[in-house]
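Start from the sequences, fold in the hints, and give me the full structure.
Protein chains in written order, with my numbering: chain X, 1 to 303; chain H, 1 to 274.
It is worth saying that the hints were derived from the structure and are not from the lab.
Take these hints with a grain of salt, some might be off.
Unchecked claim - Partial pick of chain H residues on the chain X-facing surface, computed with a CB cut under 10 Å:
{"hint": "1", "residue": "Ala76"}
{"hint": "2", "residue": "Ser77"}
{"hint": "3", "residue": "Pro102"}
{"hint": "4", "residue": "Phe109"}
Claimed, not checked - Here are some chain X residues the structure puts well away from chain H; computed CB gaps all over 10 Å:
{"hint": "5", "residue": "Ile119"}
{"hint": "6", "residue": "Asp142"}
{"hint": "7", "residue": "Arg149"}
Don't be surprised by glycine CBs; every beta carbon is placed ideally from N, CA and C.
Spelled out from the first residue to the last, the chains are:
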Amino acid sequence: MTSPAVVQAPPAEQRAVVDGPPVARPAALPEARSGVAHLVPVVPSSTRRRTVPRWVRRPIGPLLLLLLWQVAVWTGTAGTDLLASPATVVRTLGHLTADGELGGAIAVSLERVGKGILIGGIAGISLALLAGLFRTGEDLIDASVQMLRTVPFVGLIPLFIIWFGIGETPKVALVALGVAFPLYLNTYAGVRNVDAGLVEAARTLGLSRFGLIRHVILPGALPNVLVGVRYSLGIAWLALVFAEQINANRGIGQLMMDAQEFQRTDVILACLVVYAFLGLAVDAIVRLLERGLLSWRPAFSGS
Amino acid sequence: MASSLQRIVTPVLDPEPGIDPAAEAGLEPASGYRPPADPRLAVSVRGLTRAFASNTVIDRLDLDVPAGQFVVLLGASGCGKSTLLRILADLDTEIGGDVRVPARRAVAFQSPRLLPWKRVWRNVVLGLPGRPDRARAAAALAEVGLEARAEAWPKTLSGGEAQRTSLARALVREPELLLLDEPFGALDALTRLKAQDLVWRLWRRHRPAVLLVTHDVEEALLLADRALVMKDGVIAHSVDVDLSRPRDVGDPTFLALRADLLGRLGVDAPRSVA
Ligand SMILES: Nc1ncnc2c1ncn2[C@@H]1O[C@H](COP(=O)(O)OP(=O)(O)OP(=O)(O)O)[C@@H](O)[C@H]1O
Ligand SMILES: [Mg+2]
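Here it is as structure tokens:
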């Protein structure tokens, strides 16, 4: 076998001009380079100047909004009986937390949403796997799911009340239903879009059908499943808020209903803040999950 | 002996589909074909047919590859080389005829096809029986010069590194038959030369039978014991490359063989050698 000619490295002095350290470069050199006037310099990212770090820049927008809201209440643009000021909301949050009312309500609501997510998640993912992995499963399941998903699930509330009464069951069922569909759709798409070349390669490695599912198809579908998880968790909170309007005798929803009766906008706003923070917390958990499970993926993090 | 080979498929065009008890018992099939009494075969194909709808790509093809032989398969684009390789890899079973290959075989494709969610070393030992064996992976990676990248994610490998990983993954199975479908096709010229050299050294050490598909006649003649030209659905030409190794592209016999093969591939005026 012939070996190709080795490419000669440039002589040392020639190289120094190309990649010598910038500090050692004589000050006159840039001017000495002619014919570069039309070129654009590539700036190393380490020297790109960041005046304000990102963690400082990010919260500025929301803080400005809060300030605007506070000013609006102070100046009377928004009456205090219509909209409580941020300061009042914070104080109310303090009271509600102190007397344990809020903690209890959160626990009840979390239980509802947790049960719903669990039931809906298991149903959505297992149906999707059955439909994605087996031809018979697809024939039996997919058409029905595709048909049912066009029904807006919130519209099922009256039916659920007739079926399940006004206890916990219709609330959990509504959350489960809201969660199941996005999870099903994303998982199914994930399974079906696994790279056929990888499946083929894995088959030549002698993987069994089970090994193929475990090592190739499930990990290949995982990014899609996680997209489904994030989306469906968002839906879960939405479903919870709707569900808790059904005669809630406990939970955050009940706090809000009571507050509505007494025109306590501060309590309503405090509850909304709690909903928002719970949603944020869950989103953060999913992000962590993604980072752990998808660490193999070189992610684009923006610039 | 062909009876040591596994009959991988129940041909769908067989008049009597179903499991052939004779073949199951390791006996020769009833087709009347008698395997030659000479050394063991790594591939034995008789009357292979493959059609896509009305397009018959492989038409009653016969092929024997002795154990340990390095065979290169040439042919015009679209003549069915990949199709044949996929059949030998048991990836395509919509066939007629009788195909026998060893149970231990491995494939490397034009693209490396590594699982991006498994670290390099886990990719290498994927599918081997038992627990993932780190030491075994390390040994295979060392053979292709990649022991340092064992813990890397496949997406961080260069094209050549990924292709070498794919080779390590094939070799760790200690195949009796190694199927390579243009494994160097996507590599730059320099990396390609190194990869050819690597394949040749690995072949010399492990001695699997190799079936390498390529478009490069020079590559074929540098590596092969035997060069095949595929045309009209059959092996139209087979030539033994009786040149000592390492081979010299300037050797007159080499040049004559090259001109002959290029002619058979429909390239009339051989390019001049640099
Ligand atoms: N899945 C398929 N469905 C229909 N036709 C196919 C399919 N796979 C291959 N063919 C046809 O079979 C013929 C042979 O294809 P094949 O991929 O084996 O060619 P090849 O010799 O490997 O070509 P190349 O050198 O370009 O890779 C082509 O005409 C192709 O269009
Ligand atoms: Mg091909």
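Do the hints match the structure? See the list:
With a least beta-carbon distance of about 24 Å to chain X, the hint placing H/Ala76 at the interface is violated under the 10 Å criterion. For H/Ser77, the suggested interface contact is broken, since its CB lies about 19 Å from the closest CB of chain X, more than 10 Å. Interface restraint check: H/Pro102 against chain X, minimum CB-CB distance 12 Å, threshold 10 Å, status violated. At about 7 Å, the closest approach between the beta carbon of H/Phe109 and any beta carbon in chain X falls short of 10 Å, and the interface hint on this residue holds.
For X/Ile119, the requirement that its beta carbon stay farther than 10 Å from each beta carbon of chain H is met, with the minimum near 28 Å. Every CB of chain H is more than 10 Å from the CB of X/Asp142 (nearest about 26 Å), matching its label as outside the interface. With a cut of 10 Å on Cβ distances, X/Arg149 stays outside the contact zone with chain H, its closest approach being about 29 Å.
In summary, the structure is inconsistent with hints 1, 2, 3 from the numbered list given earlier, while agreeing with the others.
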